[in-house]
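For chain A, the structure is supplied; the task is to place chain E on it using the hints.
Chains as they are written, first to last, in my numbering: chain A, 442 to 659; chain E, 8 to 279.
Keep in mind the hints are simulated off the structure, nothing from the lab. Hints are supplied without guarantee of correctness; some may be wrong.
[Said to hold, decoys possible] List of simulated lysine-lysine pairs, DSS-like, C-alpha gap at most 25 Å:
hint	chain 1	residue 1	chain 2	residue 2
1	E	Lys157	E	Lys113
2	E	Lys260	A	Lys495
3	A	Lys466	A	Lys539
4	E	Lys260	A	Lys456
5	E	Lys268	E	Lys46
6	A	Lys628	A	Lys571
7	E	Lys58	E	Lys46
8	A	Lys525	E	Lys166
9	E	Lys58	E	Lys222
[Said to hold, decoys possible] Just some of the chain E residues that point at chain A, by a computed CB distance under 7 Å:
hint	residue
10	Leu219
11	Phe262
12	Ala266
Cβ coordinates follow ideal geometry from the N, Cα and C atoms, glycine included.
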Amino acid sequence: MDNHFEAGIDNLRQKLLVMASHAEKAVNESVQSLMQRDHDLALRVRTDDDVIDKFEVEIDELAILLLTKAPLASNLRLVTVAMKISQNLERIGDEATKIAKRARDLSQEPPVKIQLELPRMAGLALAMVKDALDAFVHRDSAAARAIIPRDKEVDALNKQMHQQLAQHMMENPDTIARCLHWIVAAKSLERIADHAKNIAEEVVYLCEAQDIRHALKN
Amino acid sequence: MAEPLIQKLAPQDRPAAATPGGGPFIQIENVSLYYGATKALKEISLSLDQKVVTAFIGPSGCGKSTLLRCLNRMNDLIDNVRIEGSLKVGGYDIYASDVDVIELRKRVGMVFQKSNPFPKSIYENVAYGLRLHGVKNKSDLDDAVEKSLKQSALWDEVKDRLHSSALGLSGGQQQRLCIARAIAIRPDIILMDEPASALDPIATARIEELILNLKKDFTIVIVTHNMQQAARISDQTAFFYIGELVEFGPTAKIFTNPAQKRTEDYVTGRFG
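In isolation and in its complexed conformation, chain A is listed as follows:
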């Protein structure tokens, strides 16, 4: 016999995955537009963000409907986790938009002559997003836990880039405006990795019913 509630849960899961693929694409394209100075692509990323926003609203509506049906145990966790993951994905989309805005502005200016580790940082942040979502799909708690420490590497790269750009600005004051764009873009990538980490923590809660957020701070 079909199970209508399970069908609703499946629908929620599917929507989340489609939303995730849009968010991943947005990050990829925003970084691409930044590195390749692609003005048109940067503009496209900004308009595509509406799609991600709509998913966030739809997922919340569906989740609330499912909550009225009194899900229990793992289904209850799944519904609440889905709402949090969608919120993180929406923020990832927003960060991609921010990167795209900087890419748009930078594409109109001469390039700054500085070797940055931004592509590597983008690769790390994106891999974290992808792995967090894979862990969600496979309900793989161990994989989710393994993502969390990787955020530190992205933080370190951001710090390193920040110092590098500050130094460059001091030495080349005419590049300050452009360097600030790069600082903001790097910060956005750092935030994307934070959101991936949040998603991973939610996956751990989904699988183990254990809240590991802020665990290291305490």
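For chain E alone, coordinates are given in the frame of chain A:
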């Protein structure tokens, strides 16, 4: 002039009824019901579409079961009942003087809180209504029994013991048998009065799944005390309180953003 509500076709061949010219399938207008001097329903107006599940909710004594029983004139069996207003099914006034109540009840089947299979075999329970309506051909009966049992998600469990007593089935199975018996004569509407309240959670889940599958073919009105059940299975919900219809609307709205405070208080368990 539209066709009469009750058509004299063999139940299996009968096309599903529809309201001539569209419009709501069940139309309740300004209905009041009195038990003697007590006004149990107060000017209820409600329109229900075809092939949707409607839940009637409300505290005991609010009139939900009374209204449900108006829809197949079960209240006619109670002394001192007086009904005002109009109740139409498929555009026809079911309280008109020329309505054959027996025929009406063929069109509007009912399932009760406590399963009430006949003390007969599983097969005979489902075939009973068809035989009453003059179906004699064995292969027609076999087909109808199989179809009804499949539709009520009972076939796989009973196909090897169709001729055993229905009283040997579990409570949940007996209730699904009663649903099979109700749908065997292909009614347009199935009324359910707390059909799962005497069942355990697993049997309840099966009944709920069954209801969701049956709405493809039938219009279902269900009385339930279980809020989450109403949220899980119904498309629209009507909340009654001391004989009044307080609020009626899409189930999602009733359970997430009711317009009336009394509805919110009831669905969140603050009273009732």
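Here is how each hint holds up against the structure:
This hinted pair checks out: Lys157 (chain E) and Lys113 (chain E) have alpha carbons roughly 20 Å apart, not beyond 25 Å. Proximity of Lys260 (chain E) to Lys495 (chain A) is assessed by CA-CA distance (about 20 Å); at most 25 Å being required, the pair is judged to hold. The hinted pair formed by Lys466 (chain A) and Lys539 (chain A) meets the criterion: a straight-line CA distance of about 14 Å does not exceed 25 Å. Pair hint Lys260 (chain E) plus Lys456 (chain A) holds up; C-alpha atoms about 22 Å apart against a cutoff of 25 Å.
A C-alpha spacing of about 24 Å is found between Lys268 (chain E) and Lys46 (chain E), which places the hinted pair at or below 25 Å, so the restraint holds. Distance restraint check for Lys628 (chain A) and Lys571 (chain A): the Cα-Cα separation of roughly 19 Å lies within the 25 Å cut-off, and the hinted pair is therefore satisfied. A distance of roughly 31 Å separates the Cα atoms of Lys58 (chain E) and Lys46 (chain E); the hinted pair therefore is violated under the 25 Å criterion. Our distance criterion of 25 Å between C-alpha atoms is broken by Lys525 (chain A) and Lys166 (chain E), whose separation comes to about 47 Å.
Between Lys58 (chain E) and Lys222 (chain E) the alpha-carbon distance is near 5 Å, which keeps this suggested pair within the 25 Å criterion. At its closest, the beta carbon of Leu219 (chain E) sits 5 Å from a beta carbon of chain A; the interface hint therefore holds under the 7 Å criterion. The interface hint given for Phe262 (chain E) is met, as the beta carbon of that residue sits about 4 Å from the closest beta carbon of chain A, less than 7 Å. Because the beta carbon of Ala266 (chain E) sits about 16 Å from the nearest beta carbon in chain A, more than 7 Å, this interface hint is broken.
In this structure, the earlier hints numbered 7, 8, 12 are contradicted, and the remaining ones agree with it.
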